[in-house]
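Put together the whole structure using the sequences plus the hints.
Protein chains: 4
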Amino acid sequence: MTNKKTGYKHSSEKQGMSDGLFEIEAKYCSWGDTVHYAKELKIFKRCDGNYLYDRDDVEYLDLQMWYSAATFGYKHPRLGQALKKQIDTLPQLACQYLHEEKILLSAKIAQNIEKTFDSKGRVHFNVGGASAIEDSIKIVRNHTKKNLVFAFMGSYHGRTLGATAITSSYRYREKFGHFGDRANFIPYPYCFRCLLGKNKENCNLACLRQFEKLFESEYYSIVNTKTHHCEFGAFYVEPVQATGGYIIPPNNYFAELKKILDRYNILFVDDEIQMGFYRTGKLWAIEHFDVTPDIMVFGKALTNGLNPISAIWAKEDLISPEVFPAGSTHATFSSNPLGTATGLEVMNLIEESDFGKIVPQKGKYFVAQLKALQRKYPQIGDVEGLGLAIRVEMCEKDGFTPNRELTDAIMNIGLSGKLTAGGKRRGLILDVGGYYKNVFTLAPSLFIQESEIDLAMGLFEEALKKGIAATT
Amino acid sequence: MTNKKTGYKHSSEKQGMSDGLFEIEAKYCSWGDTVHYAKELKIFKRCDGNYLYDRDDVEYLDLQMWYSAATFGYKHPRLGQALKKQIDTLPQLACQYLHEEKILLSAKIAQNIEKTFDSKGRVHFNVGGASAIEDSIKIVRNHTKKNLVFAFMGSYHGRTLGATAITSSYRYREKFGHFGDRANFIPYPYCFRCLLGKNKENCNLACLRQFEKLFESEYYSIVNTKTHHCEFGAFYVEPVQATGGYIIPPNNYFAELKKILDRYNILFVDDEIQMGFYRTGKLWAIEHFDVTPDIMVFGKALTNGLNPISAIWAKEDLISPEVFPAGSTHATFSSNPLGTATGLEVMNLIEESDFGKIVPQKGKYFVAQLKALQRKYPQIGDVEGLGLAIRVEMCEKDGFTPNRELTDAIMNIGLSGKLTAGGKRRGLILDVGGYYKNVFTLAPSLFIQESEIDLAMGLFEEALKKGIAATT
Amino acid sequence: MTNKKTGYKHSSEKQGMSDGLFEIEAKYCSWGDTVHYAKELKIFKRCDGNYLYDRDDVEYLDLQMWYSAATFGYKHPRLGQALKKQIDTLPQLACQYLHEEKILLSAKIAQNIEKTFDSKGRVHFNVGGASAIEDSIKIVRNHTKKNLVFAFMGSYHGRTLGATAITSSYRYREKFGHFGDRANFIPYPYCFRCLLGKNKENCNLACLRQFEKLFESEYYSIVNTKTHHCEFGAFYVEPVQATGGYIIPPNNYFAELKKILDRYNILFVDDEIQMGFYRTGKLWAIEHFDVTPDIMVFGKALTNGLNPISAIWAKEDLISPEVFPAGSTHATFSSNPLGTATGLEVMNLIEESDFGKIVPQKGKYFVAQLKALQRKYPQIGDVEGLGLAIRVEMCEKDGFTPNRELTDAIMNIGLSGKLTAGGKRRGLILDVGGYYKNVFTLAPSLFIQESEIDLAMGLFEEALKKGIAATT
Amino acid sequence: MTNKKTGYKHSSEKQGMSDGLFEIEAKYCSWGDTVHYAKELKIFKRCDGNYLYDRDDVEYLDLQMWYSAATFGYKHPRLGQALKKQIDTLPQLACQYLHEEKILLSAKIAQNIEKTFDSKGRVHFNVGGASAIEDSIKIVRNHTKKNLVFAFMGSYHGRTLGATAITSSYRYREKFGHFGDRANFIPYPYCFRCLLGKNKENCNLACLRQFEKLFESEYYSIVNTKTHHCEFGAFYVEPVQATGGYIIPPNNYFAELKKILDRYNILFVDDEIQMGFYRTGKLWAIEHFDVTPDIMVFGKALTNGLNPISAIWAKEDLISPEVFPAGSTHATFSSNPLGTATGLEVMNLIEESDFGKIVPQKGKYFVAQLKALQRKYPQIGDVEGLGLAIRVEMCEKDGFTPNRELTDAIMNIGLSGKLTAGGKRRGLILDVGGYYKNVFTLAPSLFIQESEIDLAMGLFEEALKKGIAATT
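Protein chains in written order, with the working numbering: chain A, 13 to 484; chain B, 13 to 484; chain C, 13 to 484; chain D, 13 to 484.
Heads up, a few of these hints could be off.
The list treats identical chains as interchangeable, and a pair is accepted whether it falls inside one copy or across any two copies.
What the hints assert, rightly or not - Okay, derived cross-link-like pairs now, BS3-like style, lysine-lysine, Cα gap no bigger than 25 Å in a straight line:
hint	residue 1	residue 2
1	K127	K39
2	K97	K87
3	K157	K187
4	K238	K187
These are computed hints drawn from the structure, not numbers from a lab.
Put into structure tokens, the structure is as follows:
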């Protein structure tokens, strides 16, 4: 059924047409966010565990969990409880005053990092990942006295102007004038589609060696070989490239990169916004890569999506009161008590859980199922996972040529809520990323059960079959 | 009592020393936010209505209400209830999908603006005021194809890099490198301290005439008199300058400014982040000034401090899907359902209340009391209010020379929690702003009662007396 | 007679029509320079002393002398001789090797400055005024670590991108993208048209006091009052504003300005490109103003227009080999021997002359004649001179409203070569500047005789009469 | 002999010590240019043909000819004559008026380009190569509305701030603040040291293919694949990389590059400043590569070093009066008549000569000699030439590892003037370039004779032997 006024197709009467919600949305909501990427709009009315429910009460198994913001499942009772408790005691407080939860949450995070990386530092809060990225840029600029940084091709660090300058897509900048601090974007080790045409098995990190070579002569543009100063103050890193398509670098990549950076005092900034909080089976994704970041940025799952609080952690010499004193930055809601209380409970939950054990197990199970499916369908070009961050790259029958059309079809079929399992009409929530918009970036709840993974596989195969049928 | 390790004085054993909270804070928390502006730290443990309570349960009458973020009072039961209800239904949802509250809140705001200003437009959400400011800059740049804007001396629009570039204080930029989009800062009509040395009564808006004159010759640097194009695409305006010291412009100032801007297609961006939501006695502070903004930015009281959601509204031709299509910007938490549900209840509350009537009355009462006090104490140089946005400018005995020392003393005395009223030990929460850090920017809850204003006056006079004694 | 193809009117058959020069020009020459500001093109074929000659051999008395580049007269025999001599010995030499004239010219200039200002420093060559300005910006940035500077409204420092950023007209920037280093433009003391509406006699430098006030509060946007650091590293100054209309500041203006700048370590950069070399009666125009610059920039008359060589002088601590070592900057032609040899002869000429005495005398005589004329013609709104830099501001009959139409008419009448004096057909070369393009900026040769000033007055009055007739 | 005050060694009494020239230079000259790269200063007093002469009248055979600025030989009598003739007729003229030579020179150049490339366009003058580069940037920005461009690693386009931003060496930017328009530097096809480790014979332009691949996905950071707009408006190209070490790209490289650029409307800007005017055997070096530039920039040899005039040529749609009207840019000396007259005579000389035939012959002869020498000395790693632009890359004995020490030694031995040939004490002028400062960039006069090439070979071998001895 198509709304005549908006030209949109909607899946159901109830979806917003009977009460005019779609008309209202078409008139008063900005379409500038990501809602209207989809051609068929969907209104959800409740959520629980791994599931979203639309206005017709159709159940959607969610394999993206708000791009990892709801890593610990929807409507987790204990986290809801912590939030409610704070609502009843200190729901509001200007951030120029202290409250206990802010202090304890900072300490828990900093102590954890100190233990893991043997590195002392401090935590600074803000709201939203992009604002925390901006704080990290401030730390970098203050320390290095440089505006410019390296970032990766395929990177996504947010959409404030400062974060957009270090996010790879020109599309995000095109309409918004000149960006005088545009990052120097370096190829990410996306081995399935190596820019250099190398083979991961024996490339000896060729892409990294090519980057390293740029430091050999001043004519390669990035370093004064006389002073050993680099034009770029930091390198922004996603340990697993998120929006870029859940790309997992070779084991030794970051450790080798860090060696180069250290030679030139280039800071290593680790963006954990999407991959932090056990998404990859460790609290921080960078833990897989044997490297100690200078700055870390995190958000999303920090409150499991219940408050936009975000934060950075930085090494003591970058953030001590001597170099980053009172008033260096500020945001009204930066350490808002509803956020810190929820974050604190997330940290408690983590401490009491065994995510470090079960997430890799679940991930392994999920990837094994997907690889089995891959053997049946050559259109699944690549499957790889780190913990419960799993990539499924959709291709032509040759298993390599990117197939965006098929990817879109599967995603839309899942979202239409017309799949069937256990005799019940169901939907499947998938998110698409990747350089060619052909990668399912799976980020299920860490509490997903094997039976639910099986359900996911059934729904995915059904959608895949229908998608192949629809696009060939 | 002084903490030997941190060098800080703390007002009480319980304040964080017995359980080591201050030590923990000193070690793991960044001091780069505004907490450590104060020399005596304070930990609060609960709040209610007009009051904050510290760990000794001392009651502090709050006259700043989280810089207006908690405009409708702490722990407002109905707003807490709305938030809890959402926690139990749809606490989380990726912003690429729709939920009812987002649509209804957008509509309520846009319809209100359409009615008030006879201007159609749309609402776009984000998190935190600064991020909404960044969105507004995107709208400006997209429409004007220009990076540069005007803003006011004394302005504060936030602390992301983009917002910092249009915020007047160089202190906020100094440590963070080059700002290639620094605004051109124009004098605000701060009549108590007129830059031109004019008298408000008969100046005929001399400062504005001086600005207007700059458009007469290309040599004044801002306009090509041949093409009538201005180098600056927008003018960022706080209808009442907030951090600048709650400065209220002459009635006709903005209408006259808008005439100039319209001649050169310069957009008028109205920053209502601190003054919106009836702080000044009208939903939007700009309503006092007979002018229709092109873009509005708001946040803080939109959720009464219960969620960092913020938003912009822009005229249809600036934000329609044709010019600001899907993917133009994005933030994970932009229209998070806990935020929209709370915002929607705030709008309901507003619709059912008579703030338009009672806020001016309360403001008038408060200002009258302060003016009476001014007659007793020449150190009160200026008192002025618009609704419940009230400025009290502290001076030397001459009633003019800024007296930052006295201002600080009074603020700290209030914060020490050692004032007395009704036989009870009490505190008074004051916020300091102004070009010379000598202005109390009073922003009490809109629900404050006359009796509480009387209490505030008593506490303020006590602190004032003590402050004068301590600084002379 | 009008060229049908180009649409241009030309004054004579010979002017380029008979041999097709105008057609060729219309086809192969960029019109982006200033030739086509004029509606009637003029081709000159020779020059001598104070005169230009067109292809019909009509003689034009030149009162602008290539905007001061030919300050010492056209085809000065001694300078031509020096240039020819160098052509015959060392006409070419890569600037990485030394030649005697470079060393001696540097020394002569630096010794002169040392004597005049009691300040040691060095000279650095480049080609063209704008490139020397760029060198000065490099010195400023290296010393202050800041990209941003102050400059004056009405300023002109050149048209490279860097110089354009500190030149006031937005028209020069409008088509060329974003300028991230745009100067902060401050009102020049243009007392005839005071932006503040003050009277020069009793204003007490009100405009400067207003600038000074901006340093009082960080909210005025330019200084961190805590660290006393200013956001702007230097102030670019034309001691007499040239393109701006030969505006002469009050005597004490720059000394007072320098006091303010010194408080905040803001460098004073003196642009002498048009006013240096005795144009104002002293070698450097800034000598009139009792202030020692930190950096000086000069060119044009340095070679009397015979070679584009230009240079900066900077105080030793800004330019010593320790801070500005080998390779800091470079230009192929920077100290080209034809340029240095000519410049050296210019300096010799100066040493042997009494310009310091005769230029003020001639200027006084010229201004007196013009003031007499002013009494006859109310359209001459303002006449003022410093040495032989003389401004004549053309107005409506009220003596104040700028009259660009009349100014253009007079200029074109002069250029048409149809005036008469001594029974001979003649032309008059005038240049127009000023904020409203209504100022004749007179820069005659320093060798002009009183009889020639009389001739100039006659021609000017004739053109003035005709101009008034044509525009009323 | 060492000057005690300056610490410099000088080769001779006469060299500036007896008359104190070195002391004067040490005191009053900026050392920020390239003179003090050398450890032994040299003062030259005359030049002729292929030779420079120092103050002891030692003769130096010059193989760099002012980095090609004196391509047609020192003190060429006919060019000197043309210059002198102009000194006697119209040596000076403000560039807002026309003179014949400007028109004729523009026409000669534009007609030549039209004939060679079948492309109509116009010529715009300025002074110095960097300023012409700035003009070209203005054309690019005006046409593309973009600030950013591509340039090559190893590129050198000048040292104004705008040119420095697109010149690869960070060393040139390091001390001068933030460069908001820094180019995106792409690897040049420097096949002797391929960044990709490929072999020129069978690489199939691998480096170009890698660049092309970046346009495939928006995540590679440079293009919006939806709109097909690229973030970069132009690509700045040296057809033979000059300062980079006279690197000659594969024949089909630029034609293939142009195809990619045309797909995305990226302008091709051809910097001929050093390689133009038959240095490579054709008037324009780009003629070797079967591609039509959109913009060309040239200078240096345009006047054979007798005047700093430079220019750009641009296609009609980029520079027509409609898009680049009067006043778009300006420089006092831009089309100064001494420059245009000399340039015109250079063009006459070219038309009457057979450089297109003799330069390749001489180049071939010279390269053959060098290759013979290479067979004797493994330290000569690479010899290659295009016309009389010849590279000799000095290495360790392995013939590959860059040997800067040896290169410096040879250069200094040549400069010391203590070589011998024909029983006469002689010097040899060599210039060093290259990514590792180990390349002799030979640019002899186009009038060099085979006997002089033989002489050069003798002197070079002598210096080479001594250099090897001194560094091993």
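Evaluation of the provided hints:
no.	hint	verdict
1	K127 x K39	between (52 Å within a copy, 15 Å between copies)
2	K97 x K87	both (15 Å within a copy, 12 Å between copies)
3	K157 x K187	between (29 Å within a copy, 8 Å between copies)
4	K238 x K187	between (39 Å within a copy, 13 Å between copies)
Checked against the numbered hints given earlier, the structure satisfies every one of them.
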